[in-house]
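These protein sequence lines are chains A, B, C and D, in that order.
No gaps in the numbering here: position 193 of the first sequence is 193 in our numbering, and each next residue is one more.
In our numbering, each number is its position in the second sequence, counted from 1, plus 355.
In our numbering, each number is its position in the third sequence, counted from 1, plus 710.
In our numbering, each number is its position in the fourth sequence, counted from 1, plus 1065.
Source of the hints: derived by calculation from the structure; they are not laboratory data.
All values derive from a computational prediction rather than experimental measurement.
Wrong hints could be hidden among the right ones.
As the list claims (entries may be wrong) - Part of the chain C face toward chain D, derived, beta carbon under 7 Å: (1) Ala725; (2) Arg884; (3) Ala1064.
All C-beta atoms, glycine included, are put in the ideal place defined by N, C-alpha and C.
Each chain is listed here by its residues.
4 protein chains.
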Amino acid sequence: MFTAAVLGATGYAGAELTRILLGHPRLGRLVLASTSAKGEALGAVWPNLLGLGRGGPEPRLVDPETALADPAIEVFFSSLPHGHAERLAGPVLARGGLFIDLSADFRFGEDEAAFHAAYGQGYQFPELHRQAVYGLSERNRAAIAKARLIGNPGCYPTAAALGLQPALAKGLARGLVTGRGIVIDAKSGVTGAGKEPTRTTHYAEAADTLAPYKIGTHRHAPEIERSLAAIAGAPVGVVFTPHLAPMGRGIVSTMYLPLARPTTVEELHALWSDFYADEPFVRVLPPGSVATNREVRLSNFCDISVHLARGGETAIVVAAIDNMVKGAAGQAVQNMNIALGLDETEGLRSLPAAF
Amino acid sequence: MFTAAVLGATGYAGAELTRILLGHPRLGRLVLASTSAKGEALGAVWPNLLGLGRGGPEPRLVDPETALADPAIEVFFSSLPHGHAERLAGPVLARGGLFIDLSADFRFGEDEAAFHAAYGQGYQFPELHRQAVYGLSERNRAAIAKARLIGNPGCYPTAAALGLQPALAKGLARGLVTGRGIVIDAKSGVTGAGKEPTRTTHYAEAADTLAPYKIGTHRHAPEIERSLAAIAGAPVGVVFTPHLAPMGRGIVSTMYLPLARPTTVEELHALWSDFYADEPFVRVLPPGSVATNREVRLSNFCDISVHLARGGETAIVVAAIDNMVKGAAGQAVQNMNIALGLDETEGLRSLPAAF
Amino acid sequence: MFTAAVLGATGYAGAELTRILLGHPRLGRLVLASTSAKGEALGAVWPNLLGLGRGGPEPRLVDPETALADPAIEVFFSSLPHGHAERLAGPVLARGGLFIDLSADFRFGEDEAAFHAAYGQGYQFPELHRQAVYGLSERNRAAIAKARLIGNPGCYPTAAALGLQPALAKGLARGLVTGRGIVIDAKSGVTGAGKEPTRTTHYAEAADTLAPYKIGTHRHAPEIERSLAAIAGAPVGVVFTPHLAPMGRGIVSTMYLPLARPTTVEELHALWSDFYADEPFVRVLPPGSVATNREVRLSNFCDISVHLARGGETAIVVAAIDNMVKGAAGQAVQNMNIALGLDETEGLRSLPAAF
Amino acid sequence: MFTAAVLGATGYAGAELTRILLGHPRLGRLVLASTSAKGEALGAVWPNLLGLGRGGPEPRLVDPETALADPAIEVFFSSLPHGHAERLAGPVLARGGLFIDLSADFRFGEDEAAFHAAYGQGYQFPELHRQAVYGLSERNRAAIAKARLIGNPGCYPTAAALGLQPALAKGLARGLVTGRGIVIDAKSGVTGAGKEPTRTTHYAEAADTLAPYKIGTHRHAPEIERSLAAIAGAPVGVVFTPHLAPMGRGIVSTMYLPLARPTTVEELHALWSDFYADEPFVRVLPPGSVATNREVRLSNFCDISVHLARGGETAIVVAAIDNMVKGAAGQAVQNMNIALGLDETEGLRSLPAAF
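All chains should be modelled from the sequences, with the hints used to inform the complete structure.
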C-alpha cells in the first residue's frame, strides 16, 4: 500500500488523478491539496466524487505545504501550472519521495534553452533536471523504474511519440521512412484546454466547431521534436498543428510519414504490431480499422492504426488516446506503478465504454 | 467466482453488461451470445473491448442456444428485445440458474393486462410471472435476494421510483404530499433509444436538439404507474413526459410533487437523506446542489436533489442516473450481486469522471 | 429606411441584433456601440461578420455615448446588462427616438417592488416605466405600435407566454383549464447564459449534461407570473424550472396545465390554432407532431404543439423558440417593425434550416 | 423571375436547396420532387419549412417525372444519388433548360475512366460530358456563365480547391511551392454523410468522437486530384484524409504545402488575398486569425487562413466552408446565378451567425 498526494487537485488533471488513484487497489491514503480550495470537502469541489466519506466525514483538501510536510507521503503528483513543480520537487527527493510532475517543468531534461524558448523562463534548480526522467512509459520504462523524479509527457507529445515510435526506432534503419517532412495533424477535446473558463472553451463557441489553433507556435511542438529526435537518434523534421474539436476528451493524431521506399499495409502493420506486442496499453488495430478516441475513452489505452495513402508514397498513422488518462493522469499512475515496482496496470484496468 | 452469459451482447445494454461484467472481480467466465454476430470476435463487434484476449485468442460470440445449453453457466442476463426472455427463462430456472431480464417481459408481474396494453402481446408462460421479482434494488432487496427470475426495471422507471420513493413510502403517511398531480418531466440521452440507427438518432438531427416524444404514449408510463403504486400502496396520479436530449448517456428527471401542507427544504432533505442513509448507490445531495447526469456518468449512482418551488406548494425532486448503468446494466449486476449473496457493490465501484 | 444603433454590440444579444439588422431590407445605417470594444473593427469582434466593409473600410464600433449623441439615429436597441437602459432611455425618448431594451429594466411596468425583488435595485426614473410597453409582440401589438419605449421580454417568459396564452386568454373562460398548478419545465441552450465564460458554460462541463438550475429562484419566474397574470386577468399558479441543455440555441418549454373538465386533443388543437391563425411567427403544429428547437433555429418562429396526457386530466403544451431570435433579438426587431409601421416580418423571413 | 425544380428534395442537399431557393428574391415558382415522398406536404417532410403555404395549402412534393415534364421549369437541380442525373439531364438540355447536378455524375468531364474507377460505373451518354462544366464558381466562372449543364463540385473538393488555388495557379510559377507532397487533412460535420441513418451517423457513436475514415479510398480523392491538376496545369501530388467530426455542418481542411523556397507569412497572405480580392464569397482572414467552420455556418462563404509552419519549410492553409452551402446547395445556387446572368450573390447574402 502506498500513500500519495495530489498537488493541484482542483484542476482537470488533478481531478482525474484523484479519480484514478481512488480506484487504485494499492492505495493506502490519498491527500488532496490545493491552494485555492484548502479546507473544502472533496464532494463540494468535485461533486462526482461526493460521498466517498460515507460512514464518516468527507475528505477535505489541504494546503500544498501541509501535504509536502507530511513525512508519510511517499508519492507526490503535481498538476500545478508549470513553474511550480521545480520549486517543490527538491525537498521531496531529499527525503526519498517520488515526485511525478504533470506540467512541463521536467520534460526538457538538461536542455534549459529549449524549455526557456517554449515557456519563457529558465531553470532555478538545474541539478534536478539531471535526475528527471521523461515519463513516456512505453519508451523509458527502465529509466522510470529507477527514477525518483518524473516529467510526465504532454498529451499531444504522448500521442505523437507512441504513434511514430515504431517508424523512428525501427523504420529508419530499415530504410522505410525518411524522418523528414512528417506532418502531425492533431485534434484534441476541450478538456485539453484546462478548467479555466475562456471564450475559447465557452460551450456556445466551442460546440459544433473545429478550430485549428496556435499554428506554428504551440508549446508542445518543441517537446514533440525533442521526444521524436530522442527516439530516432537524430533530428526529425516535423510539422505539428493542434486543433480544438467539439468533444470532451480525446486526442486523435493523424500523422503523415513520407516513405523512403515502396511498402505494403502488411509490412507497416507488422512493424507496428511487433513493436508493441508486449505493451499492455497500446493496441495496434487490425488492418482496415481506424483508431478513434471513442474506443479509448476513460481508459489508459493508446490505439494506433496504420494506413497507406493513395499513391503509396506516404504512410498514415492514426494514434488515439484519452488526453486526460494516457495523455496525463493515467500515464502518471502508470509511471508510478513502474517506479514503485507494482504491476504496471494496477488501477488502470477499467475498460473503455463503447458509447 | 461465477459464470455468466449475456444474451444479446451486440446491443447497447449488452455492450454495457459486457463491459461491467468483465471488470467484476468475482467473474469466472463470461459467455457472450448473439444471433446476428455469432462467431465474430468481441473486438470486431465492440472495438473498445479489443485485445482482451491478449496472450491468447480474442473471445468470440456464440449463438444464444449454445449459451443456454452450457450447464456451467449460472447467471443469464438477457438484453434481447421484449418477447424473447419469456421464452428462454423457463429452462434456465428449471436447472437452478439465475435469469435477469433487461427487457419489459418480467416487469409487470402477474398483471398480464397491463403488459398487453403496453406491449401488444400476452403471456405465454404465466407461471413464470408469479416467480418474477421487479428488480428495483433499493426497494425489493429482500425479494431479489431470494429470486431466480428478475425483471430489471426500465431506465425512466428507475429514476422515477428512486426519486419519489421517500415521498410515497413515508411522505404520504406524514401528510406531506398528496400522491396526485405528480409531473415527471424526464430527459434522456440518445443511448436510451438503442443501437438501431433511425432518423431520430441521426447525429445531424439529434444534436443541438431537445425533443419531447411519445407524449402520453410511452411504454414506460404504465411501468412507472405500477411501480409508484406499489411503493405508495395506492394508485398515484402521475403525468410522464420523456424527452430526447443531445447527450450520450444519462437520465435527468425533474419531478413535481404537489404538497399537502407547508414544509421546508430542510424537512424535505431530511426525509430523503434519512430514507437513503444506508444505500451505497443513492446520493442525496446537500441542499442547494442540483442533481445532473454529469456527476453520475458511467457509475451506478443515482443522485437526487430536493427543492421547494417558489410559492412553497410544490416539491421538486431531481433524480439523475446513467441510463445504461443504474438504468440498465449496472442495476442488473447489482441485482445479481444481491441474488448471489455477494457484496452489492462488487464490480460497480468505478467512480464517475468529473468531465 | 431607418437608422439604428445597437448599444452593447459585443454581447450575444448584441451580436444577434447586428446580424439580423444587417439583413433588414429597410436598414439605412447601423451604428454599433460598445464600451469595451470601441474603436475596434466589427470583423475583429465578430469574425463571422468579417468583410462587410468590402470595397471600403470595415465598420468600427463606437462608444455608446457617441451613438446616443448622434441625432440621426432613430432606433436604439440596448442589450446592455440590466440597470443601464433606464439611465439611457430618457434622452432618446426626449428627442423622439424609439428605445427597445433587451434587459429586464422595462419589463415590470410600474411594479417597482417586483423589479426590486428580482433584481435588487429600484427605479431611478419612475416616469419612464409608465410609458414602457412589454414587448410581447403577439399580445401587445396595438400598444407596441404606439410605443416609444419597449421592454423586450425575456427568453423563458416569451416561450411560456406564447405557449400558454390561448389557454389563459380563452380556455379559462371556457372552463377548460384551472389556471392553478401549472408546471413550466423549460430547457435552454447555453447561449442563454450569455457570453461571459464561466464554469457553467465551459464546454467540458456543459456538454453531455442536462442540468436544472436556479430552481425556485430564477429571475424570470416573477416576469413569467406577471406576464401570465396579465393575460389571464388574474393571478396564475405556476411553477417554473429552468434547465441548461447541451445545445447552442433554443428553448423548449414543456408545460403542464391541469384541466378543469374532460377534453380532446382536437378541442385543444383548435383552441391554439384558432388563436394564432393570423400570426406570421407562431406555428401551431398539426396533432401528433411535437415542437422542438431544431425546427425554429435561427428563425423568429415560435412552434407550439398541444397534447393530452395519459389519463386526460392534464394538457401538455410544448413551445419552442430560438432563444436568441424570438427570445431576444428577433422579437426586438419585430417590435421595431411594429413601432415603425413596417411590415412586421421585414428582416425576419429567413427560414430555419433542417439541420 | 425564374422557375426551378429540385429533384431529390427529401435528402439533405435537397432540403438545403429548398431552403435557399425559397429565400431567393428572383424565385418565381419552386417545384419539389421526390420519388419516395411524392404527394406529401412540404411541412410533413421538412417541419422546419412548415407553414409556407400560410393563407393557402401547403406545397406538396411531386414525382420527378412530373417535374421533368413541366415545360415552364427552366432550372433543374438534382440532388439524387450518382447515376441518376446522367439519365435525366439530356431531355432538359434538349429543350433549353439549365441542369445543375449535385452528385458526381458530371464532375469528371470526359474522363470516363476516372469516374469509373471511383464510382464503379461508366458513362451512358458520353456526349453530355463534353458539355458539362465543373461548377467551381471561383475558378470556372466564365464557362459556367455559358453552361447549360453543371457538375457541382463535391464538398471536400470545394474546400481543397479554394484553399490551394492561389498556390497552384500563381505560387508554382513564382517558385514558391513544389506541387508535391501536399497533405489535405479534412474534417467534416456529420451532415456530410447524408440523411441515411447508419451506425456511423448514430448520435451515440458519432458524438464526442473524431474519426478518420476511408483513408486512401475516399471517392473525393480522385476529384480533388483532377481539380488541382486542372488549376496547376500539371499533376499535383496530394494525400487526402477525411475525418468525421462531431458537429452538424462544416468542413475545415488543414492543408500542408511544402515550400520550394523561404518565404514569409506576409508574402503568403498577400498571394491569397490578392488572388481573391474580388470574390464575394471568399474571405482571406487577416494574418494571425484562423479559419473555422463556426464563422461560415449557414453562409456561402469560404474562409481561408494562411500560416507558416515552425521551421518555415511548409505553408499551412486552412479552408473552412459550410459543407451544405458552399460545399453543395449554396454553390449550386451561385452557379445558377452565374448561368442565368443574375447578380452572383442573390439569395446567398444571409450572414453567418456568431454561435
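Hints versus structure:
1. Here the hint on alanine 725 of chain C is kept, as its CB sits about 5 Å from the closest CB of chain D, short of 7 Å.
2. Using the Cβ-Cβ criterion of 7 Å, the hint placing arginine 884 of chain C at the interface with chain D is not satisfied: the shortest such distance is roughly 26 Å.
3. Checking alanine 1064 of chain C against chain D by beta carbon gives a least distance of about 4 Å; that is within 7 Å, so the hint holds.
Hint compliance for this structure: hint 2 alone is broken.
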